[in-house]
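Can you make the complete structure from the sequences, with help from the hints?
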Amino acid sequence: MARFYLGELEELILLIVAMLREEAYGVTVVTELQKQAGREISISAVHAVLHRLEEKGFVESRMGGSSSERGGRRKRLFRMTAYGQQVIEQLRDTRNTIWDIISNPSA
Amino acid sequence: MNPQPPKRIVRLIEQLAPRAFQEDILGDLDEMFASDIKHGNGYARRRYTINGLGFLFKSFFWTQKRQPRQIMMIGSYFKMARRSLMAYKTTTSINILGLVIGIATALVIFTVTQFEKSFDTFHSQANNTYRLVRAGGTDMSEFRTGISFPVPPAIKAEVPELVDVTSIEYFGGANVEILDSSGTTLDKYREEAGFTFVQSNFFKVFDYKGIDLKWISGSAVSLDKPGTIVLTKTMARKYFGDSNPVGQNIKLQRKFDFTVAGVIEDFPSNTDFPFTVLLSYSTLPRLNGEQRMNDWVAVNDSHHTYVTVAPGASPQDIEKKIAKTHATHTWKELSDSRHYLLQKLSDVHFDSRFGTYTRRTISKETLMGLAAVALFLLLTASINYINLSTAQSSLRAKEIGLRKVMGSIRRQVMVQYLIETFLVVSMAGFVALGICQLLVFYLQGLLNMPSSFITLPGKDMMVVVSAIIVVLTLFAGFYPSLVLSRLNPVETLKSKFGTDKVGGFSFRKVLVVAQFTLTQIMVVGTFIIVMQMRYFGNTDMGFDKDNVIAARTPVRDPVVLKGMEDKLRSQAFVTDVSFSYTLPGGVRRNGSYADIGRPEASSMSDFQVYEYVSIDENFLDLYNIKLLAGRNLVKADTARNILINETLLKGLALGSPTEALGQKLKMGDQTIVTVVGVVGDYYSNSMKEAPGNIVMVMQPENYTIVSIKINTPPSKVALQNAVSVVDKIWSETFPEFMFSYVFLDENIAAYYVQEDRYAKLFQLFSIVLLTIGSLGLYGLITFVVNRKGKEVAIRKVLGASIANILTLFTREYLLLIVLSFALAVPVAVYFVNDWLSNFRNHVSLSWYYFVVPGIIVLAVALLVILGKSMRAATLNPVDKLRYD
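Going down the list, the protein sequences come from chains Z and X.
Number 31 in numbering that gives the first Met the number 0 belongs to position 32 of the first sequence; there are no gaps in the numbering.
Number 210 in numbering that gives the first Met the number 0 belongs to position 211 of the second sequence; there are no gaps in the numbering.
Calculated directly from the structure, the hints in this document are not laboratory data.
Remember, predicted model here, so these are calculated numbers, not experimental data.
Just to be clear, a hint being listed does not mean it is correct.
Said to hold, decoys possible - Simulated pairs of lysine-lysine, DSSO-like, Cα-Cα distance not exceeding 30 Å:
#1 X:K397 / X:K78
#2 Z:K55 / X:K403
#3 X:K493 / X:K508
#4 X:K155 / X:K203
#5 X:K254 / X:K561
#6 X:K78 / X:K88
#7 X:K254 / X:K224
#8 X:K57 / Z:K34
#9 X:K57 / Z:K55
#10 X:K37 / Z:K34
Unchecked claim - Facing chain Z, a subset of chain X residues (Cβ under 8 Å, in silico):
#11 I24
#12 D27
#13 L28
#14 D29
#15 N50
#16 G53
#17 F54
#18 F59
Glycine included, each C-beta is placed from N, C-alpha and C at the ideal position.
Dropping the structure here:
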């Protein structure tokens, strides 16, 4: 398996994108970060992370879904790629394995 | 009003954000602003500002999304284009060659039309300048340029809208003597053209401003005084070498003294006023007599009048006023028969009904025709390109399939192909530019372009070449690029791909037919033009034009002339000598016309206009003009005994030639004459026109021409010897005059110079078109032969003969060419008939005028196809099949 690097915030946001499914874009990601993790992250930081995730190939984006409160501007909607999916699954597996060892050191 | 986010931040982000992110960044900010607004306007605005500015500190905001593929592809397009052009060398060279020939010829045509269109456009008054011309005859079908001498001053005085009126009297055949201060002759010259009488305001009407024609010494004013002469630079050098010409004396026609008053630069080649020596117009009364200057009847076609009108004045109104002025000065019958018209200066060069001093006019139709030919040429060259490219598409299918698999989109394939086309066309374009220069230089005689006009390609030329390159790139490249980019990558990459179905084979056939139709139209047209020229040259004009030397006799003294005749007759090579007023035909000859009618004739319409010919007793014999009835004129005859020709006989309804003998006729001046003989018709003008009315009389006082019939061995040396002997006799007889002569047959051939030039040009164009067409055919057949190599081999193995194979290759193309012939014939018939109808005497179209050129084209095509397919048909099939 190729090496990859995913920072803590990156991982969190990637998970939120996965959670939001078709509705992941700057504002919703900020809101969910607040709601789920209690983290106040500025919109610009979120954009930067989403952009980085896209460059790394974990998510992909398309434009769509404008509304009047956005001044008619479209959203950049993010979606997790198959690669992104693999990566977070692998991360989860690694952690699960380690937690298992922590909770049951004899095994 | 709804609260708005801070404008300054919005604008900042709009300006700085990468285009791709601008929309979603601003959208997100807006959306947050909308939800923050419930906490207060100021809060929302502050948050917006902080969030917005936050973006400026993120690195992704500043890194433009790179688009490496777009930028790098351009370089790669050129590289790929070069490689594929090199890979298919034969096709590339055929393409380039065809395009070069086509473009070069089109550029030559462009140069010619530019030259013709540039005539006299450089005068600042050009738009207000008109030539006064006459339309006459009962049906207004007679168009003349000659204006009677008193007309210009009268209209200038009486028509206020005329700003300037300037008259020009041009004359050919000047005897020039350069005198020293004591009046002795230093040098003698004979000038056939370029002498003209002008008024000083000539240079006001024609200021040559656009090309800056400079006076080297003197000025236009020096042309006001009688007896002054102005030379162009070349003539000044010819007559006076390096010494100062101003103030020197020149004697013209042995009688009239002129003083050089100025020198002017040479006139440009694109003017219809090809003057070399300008004489003051005010000298004319001395030459012609005051009486002639006030004669409202007599006209002379070399006396032209030009006027400039006040800006905005209506030419029709002025024409009416001129007619009124004319009517007040003359009697009704004359003013009714002469209609004065104003012809725009910009039409002078293009209206062949009237002449110019350069004797050249080119009709707008001819210019259009030339432009059409240029278009034909570019079209056939493009068709070659399209055909060869689409034919090749099966070879390039794999390349394109691979490109598409690697992610090229259709547009990129098209762009790549268009760039390839652009390279080919621009290469061809620039080579053609060079060739065009060479062609124009070598063909200047044929194109009727003086070498002084030929310069390096100017701005116009570059614009045209660039335009041709761009248009041809799009025209020739678009369809092939469409075809190539349409290919389905999956199919192309399967190895079985590569049948001839690819690339619109039937469309290619259509193009081949179109190409050969154009070629056949040209070839058939040219063939008929050439036949017509041969007809002009070979048809009996009613007199014998060969082996006659003619010269203008400067002295009319019968004793002197008789002396010369005797000396000439004593030469072995001289078979006959005759004196006359004019020649029976030819461009350069005298023409004098008068009226004749039956004795009871009273009004103008009862009279016929005839051409006056004063002859001696040898004239009919020398020229072999048939005497149909009566007798030849003898020395004892007075001007009261006349010969008439057949046309006049019919015009006056005198019955049969024998019945006409002895009949009395009345001349315009009321003298009664008697018909003593009737001669057969001959073409006293060109064969383009019908024979005119002729009256011959014996009036020795009007002899101005000597005709010498010679009989020399057919060699150049013998002819030159004969001419030099005649020259010697001439200078013994007229020691003061230079010997200047014409061969009658050449003088007559000059009628057809224009047509002859077109005939040669069209031969050239036909050959060029046929060459391009054959090149394309060669390319196509090469391709087909290569593709079908295996098929041929297998057929041969299975027992096909060489003839079978050849039929396989040729049949299809021959059918196409026959089809194009069928399409071309009606078009050619239409144009050729139109052209032939200009001439009174022309060949009648018969089937072989079409079949012969058709067979020529077919033979050329067959040669190309057979030459190439023969190789394939004779190959040993083993060689072809062994490696599979």
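query: Hint numbers the structure violates, sorted upward?
result: none
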